[in-house]
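Using the hints, position chains R, C and F against chain V.
Protein chains: 4
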Amino acid sequence: YGKNTIKFLRLHREGKKHFVKEVEVCTHLRLTSPQEYLEGNNSLVIPTDTIKNIVLVLAKKNGIPSLEQFAIDICNHFMTTFCQVMYVKTYVQEVPWQRLHENGVPHIHSFICVPDGIRFCEAEQCRNGPLVVFAGIKDLKLMKTTQSGFEGFYKNEHTTLPERHDRILCGELFCKWSYGECKDFDFDCIWYMNKIRECILEAFSGPPDCGEYSPSYQKTVNSIQMLVLSKVSQVQVIEVVLNNTFYNVLDMKNLGLNNDKEVLIPVEAPYGSCACTLGRKKFFEA
Amino acid sequence: YGKNTIKFLRLHREGKKHFVKEVEVCTHLRLTSPQEYLEGNNSLVIPTDTIKNIVLVLAKKNGIPSLEQFAIDICNHFMTTFCQVMYVKTYVQEVPWQRLHENGVPHIHSFICVPDGIRFCEAEQCRNGPLVVFAGIKDLKLMKTTQSGFEGFYKNEHTTLPERHDRILCGELFCKWSYGECKDFDFDCIWYMNKIRECILEAFSGPPDCGEYSPSYQKTVNSIQMLVLSKVSQVQVIEVVLNNTFYNVLDMKNLGLNNDKEVLIPVEAPYGSCACTLGRKKFFEA
Amino acid sequence: YGKNTIKFLRLHREGKKHFVKEVEVCTHLRLTSPQEYLEGNNSLVIPTDTIKNIVLVLAKKNGIPSLEQFAIDICNHFMTTFCQVMYVKTYVQEVPWQRLHENGVPHIHSFICVPDGIRFCEAEQCRNGPLVVFAGIKDLKLMKTTQSGFEGFYKNEHTTLPERHDRILCGELFCKWSYGECKDFDFDCIWYMNKIRECILEAFSGPPDCGEYSPSYQKTVNSIQMLVLSKVSQVQVIEVVLNNTFYNVLDMKNLGLNNDKEVLIPVEAPYGSCACTLGRKKFFEA
Amino acid sequence: YGKNTIKFLRLHREGKKHFVKEVEVCTHLRLTSPQEYLEGNNSLVIPTDTIKNIVLVLAKKNGIPSLEQFAIDICNHFMTTFCQVMYVKTYVQEVPWQRLHENGVPHIHSFICVPDGIRFCEAEQCRNGPLVVFAGIKDLKLMKTTQSGFEGFYKNEHTTLPERHDRILCGELFCKWSYGECKDFDFDCIWYMNKIRECILEAFSGPPDCGEYSPSYQKTVNSIQMLVLSKVSQVQVIEVVLNNTFYNVLDMKNLGLNNDKEVLIPVEAPYGSCACTLGRKKFFEA
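Protein chains in written order, with the numbering used here: chain V, 1 to 286; chain R, 1 to 286; chain C, 1 to 286; chain F, 1 to 286.
Because the hints were derived from the structure by calculation, they are not lab data. Source: prediction; values computed, not measured. Built from N, CA and C at the ideal position, the CB exists for glycine as well.
For each label pair, taking beta carbons as the anchor points, the in silico distance ranges come out as:
(1) V:N243 <-> R:N254: 47 to 53 Å
(2) V:G15 <-> F:G15: 46 to 52 Å
(3) R:D251 <-> V:E268: 42 to 48 Å
(4) F:C189 <-> R:R99: 57 to 63 Å
(5) F:G256 <-> R:N254: 22 to 28 Å
(6) R:F19 <-> F:G15: 54 to 60 Å
(7) R:N254 <-> F:R127: 55 to 61 Å
(8) C:E212 <-> F:Q98: 48 to 54 Å
(9) C:F19 <-> F:K155: 31 to 37 Å
(10) V:D209 <-> F:C126: 48 to 54 Å
(11) F:Q98 <-> R:N254: 48 to 54 Å
(12) C:E39 <-> V:N103: 25 to 31 Å
In silico PhoX-like links for lysine-lysine, alpha-carbon gap of 25 Å or less:
(13) R:K61 <-> V:K155
(14) R:K61 <-> R:K7
(15) C:K155 <-> V:K253
Extracted from the complex, chain V is given alone in its bound form:
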């Protein structure tokens, strides 16, 4: 049980310059005894209202140095304060506020919401087990208008899809990776120094002057994973889900027109999905 979507803004001031971190937190607990379920005995139950208070108190006291560190702080607090807690899991996602700029000059206290991919993280811990930290980015919508195809696939009497060597590849990415057992990482440093977001965009799109051919959504998923694993040594395992929107080239012959991939119709339902989890020296797909 736990509390979901605890939303708040943490404002930090350095002189006249303001810094904002708006987040949404979910924190779930499992207790040592199920007596509240079976007997209606609430004596060990930490109310979800208290869970909320603790999250807000920690934000007030420590600030949010990074999403990951904040999630770790929450887990640590519950494990060390409450001996009846067997397991704790915290999810933190960020509202994508960006500082406004006027003619290149950063504004001291004005911000704009730019939701081109949402950063999130998770931390979880079982009593007597290691604290494990995950980070990720979701709701990242990308498109390449060529250098994508799908050929040589399995066919039988139910196959109606034609082979294509030039189609649009468009989808929403969900990427989540594990940093393994938590060490004293500077998580924002890993994120920015390794340019994880840029890695993902680059693996998706290829070189800017020519792109790179993708023979399938699956291969693109794998390319993203391989590049992140090769560039970011702290990442142990990476899961990527690509939910793709097909763009059908509209047949306009009955309207007397020859449509050379100029007008395309997005097909939002049904949509294909492919997911893969890749670790170091081992892999498995789901």
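Positioned in the frame of chain V, the structure of chains R, C and F alone reads:
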């Protein structure tokens, strides 16, 4: 990988009387080899477009005798037709069309959408493993305006919630149960003869003339599980999630009024959540 | 300016039996002077927080006898209390809680949310003008699986739609009508005695044993309007919007099957829409 | 009546460089005669399917030089082709694809969706009347963390809001302006040369080094209007709606902490809204 939200309507006619079943299907596969991820070799890949075609062909040929039977048919088809499929999972949910009635007379071909809980099911199978069937109901919003409290909980310096013995209990229920290894069940018969939906409503609300006191969300979750397990012998394990909306009694003293639980404000975020999975002779909570 | 989505629950008790009305209210004002826009002078501005307080105070004091009466009460309060208010408009919509029944017995304090059409109303008044009341129902999703066609329409070189005399008609209805200048109506009485909702369903679907042929969405819209106007003398003008979902009969020839309107695919985007406003002795469409 | 959410992607290629414009179009017509409503006579009705075809054919033939020009093309087509059309209105909104950059180098065919404000436009025309063009931006979420207050407002017994001279101002902007009767404008040129979006951001936030004090949401709305009208001579009338999210400073005294505007809770419902329409030499608010 797979195809999500394959939406279609299956129309069945008996003379002038029409029967509709509109569903949304997701089907996911895992193949024996990950060569399409690693090498871009698509030769074993069944396109998600073909997956969609197969679902529609099965609906056309067999109809949808019950959601569960349809999900089983899909799993069986993939397992028996494609030796490269290691694992298949199918989710089916129903659009809640109900036959219209005029002055008590059922209409032969008119329907209304009544989303007071959505039926769904899942079937999954690993090659050489049993086919397992789940069923459930979700998005079921219930409220009781008394006979609910929360007292005797754990308190410390972060506790600000007062004890209450008379509050509103309101939430959205998600219930999912397993029928274990699939036998030749008539799933709709189990659903209707055992009145599973009615069971859930009854366990939530208690007797119509007085209700039944709930000492916590957790206990209500447990009551629902116990009643379903006791009344429906085919159910092996039942998971219930209750996402609750709190209703705060508005303090109107500064407006010169004494609000005796007459005006209440729903608090949609953050919201509490409690989940429990209960099986026969064993239990575990999550 | 004003306050939107003021949500609250009004609980009414008669002995042990509870009655709930949960609503969402929007109230907007226009002031006599725009000085707060032009000069930043707030001296006449009633804060939206005060607007919210007034709505809640009226709910506490008067209850919600009917949605319409509550909207009228709000308008009257602002017009009589604040001479700087030039115009007031209030919208009220209801959360569709229904009393639970167990084996036909109504429960004294348990409710279920059944969103098969949402009741709403509006009241508006200019200073020195009449108070006008509207009522309506929205989000009402209906379907008939036959007795609908579309033939004899205008054709040119851009027409690809075939004529059809047997198709599915499915759509979401929005109906809003005016009661004209407010008299001392018992609005719930008008609603229930005249069976307005039943009227709409009947006009949509026709007799239960055979239905009634609809030659177009437009004609169905008109039938609904004509029936409501003929049965409910208090209704002056009625606007109906029908947003329709097409169901395409899937061509399965390339899958070796003859699909006799058994498997149909809903097309949610783009969707057609038709709207008409019909009054007594005059009409105009939009 | 008409067709809503006609979604398509228009791909334009210049050598290896690709340009995308993905839009969503709604087109509505009013005919000279209501005979289809009253008599079920469809002979003048242009099916919504044909409306969709025409939009797609125009996109294929002319491309989308600018959203506004495309909307004008659609209106012109209906007015000149169909003498039974009395009135036509077209709404076009853009999916915010932006070209990807790698280390500052633009990618030739890869794009990312960046929804930080959505551009849209409208064109409408009555037969024998002028064609009028509107343009705008919506879903633009902005925040300033200081330089905002609300004081000196009207107070009575229902006022509980304290005066504040330092609060967070956060809201979602909707701006729509009229270019008056359509002349041969280069609409994208107006947009980019006049930096309309930058105007709005600047009027909201003030100078980057100090900001500018806002005494109310209303005054901020007016500042945006004044700046756009002063900088963009082609704009005749501008409507701005600001839906604001309040951020409450959390009272943490009962948790033993002094919260100096460090932790704030967003209040999403109810939300305030203020709207104003400002023209040249005249104004009116709504």
